[in-house]
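Visitor: As given, the protein sequences belong to chains G and Z, one line each in that order. The working numbering puts the first residue of the first sequence at 27, with every later residue one more than the last. The working numbering puts the first residue of the second sequence at 27, with every later residue one more than the last.
If you are wondering where the hints come from, they were derived from the structure by calculation, not from laboratory data. Do not take every clue at face value.
The list treats identical chains as interchangeable, and a pair is accepted whether it falls inside one copy or across any two copies.
Straight-line distance between alpha carbons at most 35 Å, and here's what the computed DSBU-like set of lysine-lysine pairs gives [to be verified]:
#  : residue 1 : residue 2
1  : 194       : 54
2  : 194       : 315
3  : 54        : 348
4  : 98        : 54
5  : 400       : 87
6  : 97        : 417
7  : 98        : 411
8  : 87        : 163
9  : 194       : 417
10 : 194       : 128
11 : 348       : 128
There are 2 protein chains.
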Amino acid sequence: MQDLSRTETYSLGGVAAICFAILVNAWKSDGEPLFASLAISGIAFAFTYALIRWTGDVFIKRGYKGRDLSKKNAVEIPEAMGLVCALVYLLAVVNFLPFAFKHDIAEVTSAAIDKDRLLEALDIETGRFLHRFPLEKLASYGFAYGTLASVTILGILDDSFDMRWRHKFFIPAFAALPMLALYYVDFGVTHVVVPLPLREYLGDLVDLGGFYYLYMAAISIFCPNCINILAGVNGIEVGQSLVIALLIVLNDMLYILPTVNQPHPAAESHLFSVYLLLPFIGVSLALLKHNWFPAKVFVGDTYCYFAGMVFAVVGILGHFSKTLLLLFIPQIFNFIYSAPQLFAIVPCPRHRLPRFNARTGLLEPSVATFTEEKPLRPLVGEVLKLLDRVKLLRVQVSEEGRVTETTNFTILNLWLVWRGPLREDRLAIEILVMQTAVGLLGLLVRHKLALLLFTVDNRF
Amino acid sequence: MQDLSRTETYSLGGVAAICFAILVNAWKSDGEPLFASLAISGIAFAFTYALIRWTGDVFIKRGYKGRDLSKKNAVEIPEAMGLVCALVYLLAVVNFLPFAFKHDIAEVTSAAIDKDRLLEALDIETGRFLHRFPLEKLASYGFAYGTLASVTILGILDDSFDMRWRHKFFIPAFAALPMLALYYVDFGVTHVVVPLPLREYLGDLVDLGGFYYLYMAAISIFCPNCINILAGVNGIEVGQSLVIALLIVLNDMLYILPTVNQPHPAAESHLFSVYLLLPFIGVSLALLKHNWFPAKVFVGDTYCYFAGMVFAVVGILGHFSKTLLLLFIPQIFNFIYSAPQLFAIVPCPRHRLPRFNARTGLLEPSVATFTEEKPLRPLVGEVLKLLDRVKLLRVQVSEEGRVTETTNFTILNLWLVWRGPLREDRLAIEILVMQTAVGLLGLLVRHKLALLLFTVDNRF
Numbered sequence: 027m028q029d030l031s032r033t034e035t036y037s038l039g040g041v042a043a044i045c046f047a048i049l050v051n052a053w054k055s056d057g058e059p060l061f062a063s064l065a066i067s068g069i070a071f072a073f074t075y076a077l078i079r080w081t082g083d084v085f086i087k088r089g090y091k092g093r094d095l096s097k098k099n100a101v102e103i104p105e106a107m108g109l110v111c112a113l114v115y116l117l118a119v120v121n122f123l124p125f126a127f128k129h130d131i132a133e134v135t136s137a138a139i140d141k142d143r144l145l146e147a148l149d150i151e152t153g154r155f156l157h158r159f160p161l162e163k164l165a166s167y168g169f170a171y172g173t174l175a176s177v178t179i180l181g182i183l184d185d186s187f188d189m190r191w192r193h194k195f196f197i198p199a200f201a202a203l204p205m206l207a208l209y210y211v212d213f214g215v216t217h218v219v220v221p222l223p224l225r226e227y228l229g230d231l232v233d234l235g236g237f238y239y240l241y242m243a244a245i246s247i248f249c250p251n252c253i254n255i256l257a258g259v260n261g262i263e264v265g266q267s268l269v270i271a272l273l274i275v276l277n278d279m280l281y282i283l284p285t286v287n288q289p290h291p292a293a294e295s296h297l298f299s300v301y302l303l304l305p306f307i308g309v310s311l312a313l314l315k316h317n318w319f320p321a322k323v324f325v326g327d328t329y330c331y332f333a334g335m336v337f338a339v340v341g342i343l344g345h346f347s348k349t350l351l352l353l354f355i356p357q358i359f360n361f362i363y364s365a366p367q368l369f370a371i372v373p374c375p376r377h378r379l380p381r382f383n384a385r386t387g388l389l390e391p392s393v394a395t396f397t398e399e400k401p402l403r404p405l406v407g408e409v410l411k412l413l414d415r416v417k418l419l420r421v422q423v424s425e426e427g428r429v430t431e432t433t434n435f436t437i438l439n440l441w442l443v444w445r446g447p448l449r450e451d452r453l454a455i456e457i458l459v460m461q462t463a464v465g466l467l468g469l470l471v472r473h474k475l476a477l478l479l480f481t482v483d484n485r486f
Numbered sequence: 027m028q029d030l031s032r033t034e035t036y037s038l039g040g041v042a043a044i045c046f047a048i049l050v051n052a053w054k055s056d057g058e059p060l061f062a063s064l065a066i067s068g069i070a071f072a073f074t075y076a077l078i079r080w081t082g083d084v085f086i087k088r089g090y091k092g093r094d095l096s097k098k099n100a101v102e103i104p105e106a107m108g109l110v111c112a113l114v115y116l117l118a119v120v121n122f123l124p125f126a127f128k129h130d131i132a133e134v135t136s137a138a139i140d141k142d143r144l145l146e147a148l149d150i151e152t153g154r155f156l157h158r159f160p161l162e163k164l165a166s167y168g169f170a171y172g173t174l175a176s177v178t179i180l181g182i183l184d185d186s187f188d189m190r191w192r193h194k195f196f197i198p199a200f201a202a203l204p205m206l207a208l209y210y211v212d213f214g215v216t217h218v219v220v221p222l223p224l225r226e227y228l229g230d231l232v233d234l235g236g237f238y239y240l241y242m243a244a245i246s247i248f249c250p251n252c253i254n255i256l257a258g259v260n261g262i263e264v265g266q267s268l269v270i271a272l273l274i275v276l277n278d279m280l281y282i283l284p285t286v287n288q289p290h291p292a293a294e295s296h297l298f299s300v301y302l303l304l305p306f307i308g309v310s311l312a313l314l315k316h317n318w319f320p321a322k323v324f325v326g327d328t329y330c331y332f333a334g335m336v337f338a339v340v341g342i343l344g345h346f347s348k349t350l351l352l353l354f355i356p357q358i359f360n361f362i363y364s365a366p367q368l369f370a371i372v373p374c375p376r377h378r379l380p381r382f383n384a385r386t387g388l389l390e391p392s393v394a395t396f397t398e399e400k401p402l403r404p405l406v407g408e409v410l411k412l413l414d415r416v417k418l419l420r421v422q423v424s425e426e427g428r429v430t431e432t433t434n435f436t437i438l439n440l441w442l443v444w445r446g447p448l449r450e451d452r453l454a455i456e457i458l459v460m461q462t463a464v465g466l467l468g469l470l471v472r473h474k475l476a477l478l479l480f481t482v483d484n485r486f
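Model the full assembly from the supplied sequences, consistent with the hints where possible.
Guide: As structure tokens, then:
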């Protein structure tokens, strides 16, 4: 068991103590659940940070370990540490519930006292205040928790058993079932608002029916998997998840700030989103500290599935799944860009992460090579040459004009084609900055240009 | 991958096909959710049965394996197969939800149509019929699912990492947090009805406050652990769980049968219990078939935790936790009887399962021996001799009157002391018959004698 340094112990202890004080105060003073959520997220950060350090050796002992191929001395480090994040996160969400509902409990309880209503023996059977309580919110929390616990189970299974890619791909859909079931029995709206230019043909609303569930299942499959394939550099899985989480919180703020006309009809959904994202940000920051260059731990598929599913849950149950997709533009690009290799149109090597040049210590684009025995189909070769000309690839061409080598089809390799060899942390930072810029632009477009497509921006 | 035999394929396929037909019919005809639950449980049985066979090799490959010490040829068989049960169970519960709420959905939807109420664009934000829906039921399902998914996660961790006994013991309490949080925010009744003889002193009702949560946490810790320690013979973990589940369903029937005065105030809770138990019975039967003597697979701690938590969930959220405890009498006896060894008053060997006599092929009581270097404390020795005299132990005494050996303190060893060497399956059957008899007696006492302690049996 690796211990925390003295500085770490004091800092984490300090953070935890302050957060705990805030929490006690929030409970006593009947304060905003937002403060309680922040405090619990701080405690979750400190706890995750320490737990990752403490349990690393146990993970290695049980075979959850890997070597970092982009380092000169590739020592074995713990793998699948996202599991720790997921467990602390689930614990944090459960412990937040009493704070989230304290106000409602106080209200119904005091109402009962006002009426001088005495509890009778038979009330024991049915509970005291079921009818006035915001149960739909409560059900959302329950099913969100169930979905995230499920994706954690499936993540562990994926990290434990070697699963085939085509099985893994659909894992998140199973985990999303509780959420879809909730949506079906409780909410049930499968209509979408039609953009203005199409209203002439389709009317104001279109009922997508069963397709809407397919759409939600697709989002649940997409979010986790596209985080999983934008990977291979220290800190990039956690980093991109943090950027997305922070951008969603920023968008949520537009609906819940006191400066907005309150009560805004969507404020509840966005509060729900914030309450689920803050502890996620807490545990992810702790993981990032250990996973950032040079990484001391790997995050595992568990983390990617878990992070993606957190976004799918808040997007779907918070009713802003289209906005959510705007924040996934780099991931969507990476997915489409990867498609030729994922679907084996272009041969795909086992690993596509950038190549570590031990001499310079920098990362270079990794390549797939095509021998004369296994040549590329001529048509595909011509397309690759075209992509090379518009700087979307870098290919090597033999004397007779045959493509012998191409950089692998991932956004990380493409970035290295554009920006030249980079140190690992530099690459991660540049990608994250690009992602943040694209996300901010996406939000701007969503709120400014929405009026061109719809009659109202739902924010006003 | 081991395949199913032709007979198995046809039987399982037949069961699944019939159940699927029932399910489709239940959906179309708006039938009772009970039929849907039965059909889904049948499908869960068939699926679990096949999945255990198919995945056995994968489990062995990944190190989840063990040797059966009570067999002449102790080959390695898969361990932790309860995980398959838990996963299929969770899937079954989610897929049951639309059936459970179909009637309510139809009602609120048709009400909306009656009023000729057109869906407007802004309704998309808030959903269509949140106010008339039995959301408290829905929340219960969500949190029950969350609790059971959590206990599955912790069971996997326990089976994957070697955890210390004193850590393991409290695992279920963590998993139970979602359920306790639900109870806190939603139901909140912490009063208990006082038995008649004590009313003079305490009044009709006593508010246990925080202690009630401790009581519920204790039940969540107790149920899983006491199934975990009544173990060590093929089929006994699954067998005892099945007996308990069937007895609870029997008790539930007393409240929901049409012959009872309907609507009974507790009918909803007991229906909830039945809906959660039927798929449990389905997956457990499939596991029992593989785990019964001679066992082809082991069930793992995952199963014991999972089974115990299913009982804790239905008992607590169904509001019959005291009745539940009546069905755990053999386990409670085993726990108390084991206590001297669990708490190290009497030295406890690593394994306490009955000893296999390879010559006779029968099981005999296993023993703990006390050498002259590590003798038993004299007082403890005297107590053991006393217990031997009332046939609650069998001890060996040396010439100078020192206790040198005692049978281990488990109900299985005690049964062997009473009934002599038995074959493994015979021992399991006798224990299960005894458990069923004790449980039926417990239910009889609960419903017949309740009137002596309380003013009403809540069944009438």
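Visitor: So which of the earlier hints does this model not fit?
Guide: Violated: hints 4, 8.
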